[in-house]
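Undergrad: What follows is the residue order along each chain.
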Amino acid sequence: MSSDQRRPSRRRAPVSAGAPRIGVDRVACSGHGICAQTLADVVGLDEWGYPIVADRPVEAKDADLAVKLCPARALYLRP
Amino acid sequence: MTLIDDLRSAGLTGRGGAAFSTAVKVAAAYDNGAALIVNACDGELGAAKDAFVVAAHLGELVEGARLVTRGSGRIRYAAHRGSDTETRLIAAGLDVLDVPSRYVSSEETAVISLATKGLARPMTKRAPFVGGGRDSRGRRIPPTVVLNAETVWRIAQIAAYGPDWFRAQGTPAEPGPRLVTIGGAVPRPGVLETAAGMPLTTLLAAAGGMPSGAGYLWVGGLGGVLMPAADVPRLRWSSADLAAYGGSVGPGVIDVLDPRECPVEYVDRMLTYAAGESAGQCGPCMFGLPAIAADWHDLAAVRPGNRATVESRLTQRLALVPGRGACRFPDGVARFAASAHRQLSDHLAAHAEGHCPTSPTHAGPTHAGPTYPGPTYAGPTYSNSPVTPVAESTSRSSRVV
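Quick mapping for you: the protein sequence lines, in order, are chains W and F. Residue numbering for the first sequence is 1 to 79, as defined by our numbering. Residue numbering for the second sequence is 1 to 401, as defined by our numbering.
Read the hints as simulated data drawn from the structure, not as lab findings. Just so it is clear, CB atoms sit at the ideal spot from N, CA and C, and this is done for glycine as well. There's no promise every hint is true.
[Claimed, not checked] Derived coverage of chain W by chain F (criterion: at least 3 residues anywhere in the stretch with Cβ under 8 Å from a Cβ of chain F; other residues may be distant): (1) 28-39; (2) 57-70.
[Unchecked claim] To spell it out: a stretch of chain F is covered by chain W in this simulated footprint if at least three of its residues, at any positions, have a beta carbon under 8 Å from a beta carbon of chain W; those stretches are: (3) 108-119; (4) 276-284.
[Unchecked claim] Computed beta-carbon distance windows for the label pairs: (5) Asp-55(W) to Leu-119(F): 24 to 32 Å; (6) Arg-134(F) to Ala-17(W): 54 to 62 Å; (7) Ala-17(W) to Arg-137(F): 28 to 36 Å; (8) Lys-68(W) to Arg-137(F): 31 to 39 Å; (9) Ala-60(W) to Ala-160(F): 17 to 25 Å; (10) Lys-68(W) to Tyr-161(F): 28 to 36 Å; (11) Ser-16(W) to Ala-55(F): 21 to 29 Å; (12) Arg-81(F) to Pro-79(W): 37 to 45 Å.
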């Protein structure tokens with residue numbers, strides 16, 4: 001991996017049943033990178049600053065906060 | 001038996017490349033009263049089969065479209081601006097959607113966007129637009145279904161001749177007749193009516209055969225793969241056989257590379273073209289494709305030197321791009337580049353030693369390469385501007401009608 005690329009952490013906190021996954025509207029996303037901080041467990045950034053999202057559930061309250069804080073309104077929840 | 005039942009038992013899948021069940025799509029179109037767009041753009045490089053359907057089977061095409069909308073609902077025919085196909089559709093008095101001649105403009109959601117007064121750029125598909133939805137800015141998109149022109153023609157044929165007639169051709173996994181466009185270095189390029197399971201040698205013979213010394217076939221265009229011409233005698237035209245190379249029958253395009261041209265340089269031109277065709281919407285595509293093309297351009301130079309850094313960077317980037325765009329364009333280009341990287345590894349190694357196996361005088365690509373800020377670029381803080389189109393973008397190769 002190149003040094004300017006951050007993968008999501010491998011730490012896996014257990015999540016509740018039925019917890020959502022994170023989706024990115026790639027057209028809306030403009031690479032602010034806030035999600036990599038609000039959801040550090042599942043979101044990393046590529047060398048250009050765009051999110052790399054691990055396909056695993058996140059706690060609903062964390063997901064909701066990340067969706068709310070995305071400046072581009074590009075994050076959404078997937079069942 | 002209803003049309004949906006017939007389509008299901010026929011096993012018809014989309015002929016535009018994605019091979020999705022047409023029965024499922026048409027059933028959803030029925031349920032939502034969706035408008036229909038018949039995609040006759042031949043958007044893949046080298047494809048000419050939609051042009052053939054419009055030129056030779058327009059009556060059945062119109063009938064197939066009527067069946068999908070059950071006589072009500074708007075039907076539009078999407079064709080590239082200025083193409084013969086567009087002229088024919090207009091002359092027939094049909095409702096034509098004038099699509100700009102760019103690679104991603106004919107992608108399913110791009111055509112829907114254009115038809116609903118947006119730009120011809122792909123849209124994020126949170127759910128299929130056959131049920132309606134919104135684009136990324138919140139603009140409402142009414143229920144719309146897009147079907148490839150060959151698919152619509154097949155629907156009319158299945159309605160007329162029945163699913164058994166359809167299933168009698170092709171293979172159990174890929175039933176029915178299908179069109180293939182053969183181009184490149186063959187004596188008689190053109191569209192062939194065939195079916196899955198046909199020996200590749202037979203198909204190529206119908207186009208006049210491969211030239212002596214042919215090295216590679218390019219199957220599936222910018223979203224396709226390279227395969228060695230030497231493997232042709234043991235292969236059939238089926239996704240099962242092409243899977244060994246990472247390919248599928250896809251949009252039905254076979255291009256025979258000219259043995260007199262360096263394949264590495266050919267791929268270089270195609271990747272540079274691809275990089276310039278990104279709609280510039282999704283970061284991983286807008287930055288990733290020019291980066292991949294720039295890596296390939298570095299590898300393509302015929303000059304002694306250690307390429308290990310570029311090699312590993314290219315491999316990383318190829319893994320990074322798929323699944324991270326609104327449409328599958330970056331996935332397709334990464335598939336093509338990865339396949340070329342595998343198939344041409346010996347040729348690339350020769351370039352890195354300072355000589356080209358195709359021609360002792362070949363000095364590597366002469367064009368400037370893709371517009372890319374380069375690996376030292378600090379990273380985008382905020383940019384929605386599309387990548388500057390590359391001046392040298394190649395014209396569409398081997399368009400044959």
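Undergrad: Give a verdict on every hint.
TA: Here is how each hint holds up against the structure:
With 5 residues bearing a CB less than 8 Å from a CB of chain F, the region 28-39 of chain W meets the requirement of three and the coverage assertion stands. Check result for the region 57-70 of chain W against chain F: violated, 0 residues qualifying (beta carbon to beta carbon below 8 Å, three or more required). For the region 108-119 of chain F, the stated coverage by chain W is violated: 0 residues have a C-beta nearer than 8 Å to a C-beta of that chain, whereas at least 3 were required. Coverage of the region 276-284 of chain F by chain W holds. Counting CB-CB distances below 8 Å, 4 residues qualify, and the rule asks for three or more.
For Asp-55(W) and Leu-119(F), the hinted distance range of 24 to 32 Å is satisfied, since their beta carbons lie about 30 Å from each other. Arg-134(F) and Ala-17(W) have their C-beta atoms about 30 Å apart, which leaves the hinted 54 to 62 Å range violated. The hinted window of 28 to 36 Å between Ala-17(W) and Arg-137(F) holds, with their beta carbons roughly 35 Å apart. Range check, Lys-68(W) to Arg-137(F): about 19 Å between beta-carbon atoms, so the 31 to 39 Å window is missed.
For the pair Ala-60(W) and Ala-160(F), the supplied restraint of 17 to 25 Å is violated, since their beta-carbon distance comes to about 52 Å. Hint check: Lys-68(W) to Tyr-161(F), Cβ distance near 56 Å, so the stated range 28 to 36 Å is violated. Roughly 58 Å separates the CB atoms of Ser-16(W) and Ala-55(F), a value that falls outside the hinted 21 to 29 Å. For the pair Arg-81(F) and Pro-79(W), the beta carbons lie near 40 Å from each other, so the given range of 37 to 45 Å is met.
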